[in-house]
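Student: Top to bottom, those sequences are chains U and V. Just so you know, we're using my numbering here: the first sequence kicks off at 1 and counts up by one. Just so you know, we're using my numbering here: the second sequence kicks off at 1 and counts up by one.
Everything labelled a hint here was simulated from the structure, so no lab data went into it. Cβ atoms here follow ideal geometry from the backbone N, Cα and C, with glycine treated the same way. Check each hint, because a few of them may be wrong.
[Unchecked claim] Calculated pairs, DMTMM-like style, for lysine to aspartate or glutamate (alpha carbon to alpha carbon, straight line, at most 20 angstroms): (1) 89(V) / 74(V); (2) 68(V) / 404(U); (3) 377(V) / 505(V); (4) 119(V) / 25(V); (5) 152(V) / 208(V); (6) 206(V) / 176(V); (7) 366(V) / 517(V); (8) 377(U) / 339(U); (9) 68(U) / 517(V); (10) 551(V) / 184(U); (11) 551(U) / 25(V); (12) 366(U) / 184(U); (13) 526(U) / 505(U); (14) 524(V) / 184(U); (15) 526(V) / 497(V); (16) 524(U) / 517(V); (17) 89(V) / 28(V); (18) 377(U) / 517(U).
[Stated by the list, open to error] Partial list, computed: chain V residues near chain U (C-beta under 7 angstroms): (19) 25; (20) 28; (21) 116; (22) 120; (23) 322; (24) 336; (25) 432; (26) 435; (27) 449; (28) 543.
[As the list claims (entries may be wrong)] To list a few chain U residues with every Cβ distance to chain V over 12 angstroms, as calculated: (29) 36; (30) 184; (31) 295; (32) 425; (33) 489; (34) 509.
There are 2 protein chains.
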Amino acid sequence: MTKIVIIGGVAGGASAAARARRVSETAEIIMLERGEFVSFANCGLPYHISGEIESRDALLLQTPESFKSRFNVDVRVFNEVIAIDRQAKRLNIRNHITHEIYQESYDKLLLSPGASPIKPPISGINNQFVHSLRNIPDMDRVLANLVLHKPKHATVVGGGFIGLEMVEALRHRGLEVSLLELADQVMGPVDIEMANILHQKLVDNKVDLRLKTGLTAVNECQIQLAEADITDDYDKPVPPHSHLQLTLSDNSTLATDLVILAIGVKPETSLASECGLVLGPLGGIRVDAGMRTSDADIYAVGDAIETADFVSGNPSLVPLAGPANRQGRLAADNMLGGDRLYRATQGTAICKLFDMAIASTGLNEKSLLRQAIPFEKIYVHTASHASYYPGAHPITLKLLFCPDNGRILGAQAAGIDGVDKRIDVLAVAQRAGMTVYDLADLELTYAPPFGSARDVVNQAGMVAANVLLGDEVTCHTQDLQALTATQIIVDVRNPGELTAVGAIDNAINIPLPQLRDRLNELPKDKELLLLCQVGLRGHVACRMLVQHGFKARNLSGGYKTYQMVNARF
Amino acid sequence: MTKIVIIGGVAGGASAAARARRVSETAEIIMLERGEFVSFANCGLPYHISGEIESRDALLLQTPESFKSRFNVDVRVFNEVIAIDRQAKRLNIRNHITHEIYQESYDKLLLSPGASPIKPPISGINNQFVHSLRNIPDMDRVLANLVLHKPKHATVVGGGFIGLEMVEALRHRGLEVSLLELADQVMGPVDIEMANILHQKLVDNKVDLRLKTGLTAVNECQIQLAEADITDDYDKPVPPHSHLQLTLSDNSTLATDLVILAIGVKPETSLASECGLVLGPLGGIRVDAGMRTSDADIYAVGDAIETADFVSGNPSLVPLAGPANRQGRLAADNMLGGDRLYRATQGTAICKLFDMAIASTGLNEKSLLRQAIPFEKIYVHTASHASYYPGAHPITLKLLFCPDNGRILGAQAAGIDGVDKRIDVLAVAQRAGMTVYDLADLELTYAPPFGSARDVVNQAGMVAANVLLGDEVTCHTQDLQALTATQIIVDVRNPGELTAVGAIDNAINIPLPQLRDRLNELPKDKELLLLCQVGLRGHVACRMLVQHGFKARNLSGGYKTYQMVNARF
């Protein structure tokens, strides 16, 4: 009879406990959770704060009682492991209700401690109006603050998933919101030109977006009541004031009522490191593909560990629910004698922001550059379904691929409709080792309400294949902006589009329908950088010109991508 | 300079023309279309009839003029090829405007004639109130009928894609609708228990659904004006009457005003067979993987050809827009010296029906049985996204897979939200040669508005993997209905669910939370067929019981699938 002890009762830990019982009816399974709740929906917290998820109970997926009755798992909430004795295979545990400290032995131990919100050492940060959001008590505190103090203005620090979701939640509740982000973009998993779509969406939704701006100090305002307020006229409204005065990295100040810290998370590794388990280069617990730590009887899963990146094979920290669940299930199998292997993490992720979504899988351009991995990139902007059927919205898709063999390195998409589907399709294709040629041939569901006979992903595959086969030489915005004396820019859109949408100053305009008859206006000794609105007509023009003996390249994604790259926030 | 002539100007032909020009600026490209329109959105026709697509012009994607100016393609509408002289490589063409017959030579010929609606030899079928729907003039005639004759009741014959879309379109316009289907189910690409979801949806939307019922005669009613009507009182309403009296295969009659024939299509092969091109066993034009017919200078694409089925390799007729577009592109490359190969057809397809969608890819159970291909099957019913976030709806997914290696043979899904995404994911996985084990490990986008940490597809993969690994022995509805003396049925749902949802008469009810304590109530010498609502608790129970020495199998998809199988319409 194997005795399994699991530290941490959320995603990875809870999955492991349930799976372990299904694998072995005889195993003794103890799940220790230092907090009050197990298996709660932490991804749902911002949506209960916004009010979209009405019932708090809806977030509590399992209880200690349901775990006991269904899975015969001994769940102990408010029980915190304070030390691991690996030699004796024994834990020291503090019961936070009885304050008792007791011991528990294990045959196999699973660490699923998660990650904790980063709280930088900023003056004044320990303030009742400054919140993190990681668990149910955090959420309760934010909600209590909203109800009790009726803040008018909130400041979200950090533009990652939780930061953006909280911006939306607070706007949804009618607060004015400032968003501070130290980097030059929100949503680190995507590249800046894609993030610029989010920046525009934030501005459109009246969010005070401040990029390259950090928080350096928090001061609580003493509420100075004016003499007129010190009366017995209780109905008289208190004049507006802010609870906090923030100092920002540009030395400006910002009056606000509430701060949400969403700078990021760091793996919870204190227990692991104190008992001498090996950590990885990024500070997470090191595990092998079987989820074993450096101690063969201790496994670890979830936000606390490092896994291999699917593309590069390098260690990565990926604090996402999906991988944590799968790792928990796999660790349970292996603790009970299995030999299953985890197959790297792509980091597939999505974030809703107001009416749009942004999603990505694999590596982005920043990481590819940083790791010196060779890549090509293309952009397409295509309707989410047949454009003649109501409700179609453009999807902007960026595809990164290997110049040698066409393997998919990464993909990013943004839009109002169908973004999740396209990144899911690309995540599967990437995991299967497909190439951009395969993408062109994918057979996806098509009827006018759902897609197009040539879907966004098919089209991205075709464009990328054209690049690899040399059927099209592409150029990018930076090429247009570093124009040499031997290059000219040719815009093949119709003059009306240039007026309506915008144009590039030094471009010659010859609309595509006239191009074949006006070839004599173009020089053969210069390289023509072609552009249209989204890249399709530019491709047609490019093919035409090259065959007529011109040197030509097409701006990938057209003027629409050019605008994304050049947007400034 | 290659001279390419293309017969047919819609999906496959239009794609080929555009691609050919991009490949070769010097090729002479002529596209002959016997009708008035090229490159129109035939998938959009029902939605213009319904009124959802307001503008008829939205369906006209390209014109002869736009093809000429953009692609330098000589498009000749109203020009019908009446004979192909393969030896002389010359076409006889009738110009339907001038009535002139002329000749045109070709170096490479592409046949993209499409398919024509099947019109069975039924008495009275050539009637002004009986319509097919294949092209713009068909649509115009239906709309004219609706406007002029203000029909109250319509009868759709055939429950395939177009039939179902027309049922919805006509209901959307407020007509009463009868749907006649000769088979025992609508939507042939899915199996009957999945089609039963559609049958219910039709009934819920007040469609008079008549399965196993064909049309045998059409009689136009002579409007007998009552004497009272023959007056000079022009404002007096004409009493209600029906334009048509239909005779059905069960000898009943049906009064209706309008008939839409949507029985199916047959490949247009008259030109091909008259000039001696080889046809395939299903009556389509035979082509190799390079889209070449039995004449090396003649290619064919689209609804008129047979392609290899992805799973079985057998010839198949798949009249879908996506494959036609890709084949057209590929044929253009090959006509201009390329050597690209078409990689079989999965038949991925989707149909909207009122607020729901049904989709499939690969082979269904019927075809697997017919072709004696061994398979296993499982069902899951899972929320389209995190169930605690508003707007989640259950997706019913049926997965068919190879019992030996776990390869995906086919998948079908139905639901209100996210059906297209799941079948797309499975279509990519199938094409990539993935197994059900791979499905369990897929990393898909997850945030509460879009999915679940363990997505529908992940869960289907896990359930299927459990079956293959022997972690769960499943049973199906037919096993419960053919119960032997050595089997008993155990329902592990809560008593309240049985009352609310329904129960199986001869089942013992032991709720899962009590099961571990009530094992002594169950016999070890019998096989226990377990069920719950959707199959999850049944799995937990099954694992528990097997480990305690019982023989147990779990009903895949639970009582919900049982109800689907047993529904009668």
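Student: Would you mind marking each hint as holding or not holding in the structure?
Tutor: Hints versus structure:
no.	hint	in the structure
1	89(V) / 74(V)	19 angstroms, holds
2	68(V) / 404(U)	37 angstroms, violated
3	377(V) / 505(V)	25 angstroms, violated
4	119(V) / 25(V)	42 angstroms, violated
5	152(V) / 208(V)	14 angstroms, holds
6	206(V) / 176(V)	8 angstroms, holds
7	366(V) / 517(V)	42 angstroms, violated
8	377(U) / 339(U)	38 angstroms, violated
9	68(U) / 517(V)	12 angstroms, holds
10	551(V) / 184(U)	62 angstroms, violated
11	551(U) / 25(V)	15 angstroms, holds
12	366(U) / 184(U)	13 angstroms, holds
13	526(U) / 505(U)	18 angstroms, holds
14	524(V) / 184(U)	67 angstroms, violated
15	526(V) / 497(V)	26 angstroms, violated
16	524(U) / 517(V)	86 angstroms, violated
17	89(V) / 28(V)	15 angstroms, holds
18	377(U) / 517(U)	32 angstroms, violated
19	25	4 angstroms, holds
20	28	14 angstroms, violated
21	116	20 angstroms, violated
22	120	26 angstroms, violated
23	322	5 angstroms, holds
24	336	12 angstroms, violated
25	432	3 angstroms, holds
26	435	11 angstroms, violated
27	449	5 angstroms, holds
28	543	4 angstroms, holds
29	36	18 angstroms, holds
30	184	24 angstroms, holds
31	295	26 angstroms, holds
32	425	5 angstroms, violated
33	489	21 angstroms, holds
34	509	16 angstroms, holds
Hints 2, 3, 4, 7, 8, 10, 14, 15, 16, 18, 20, 21, 22, 24, 26, 32 from the list above are not met by this structure, while the remaining hints are.
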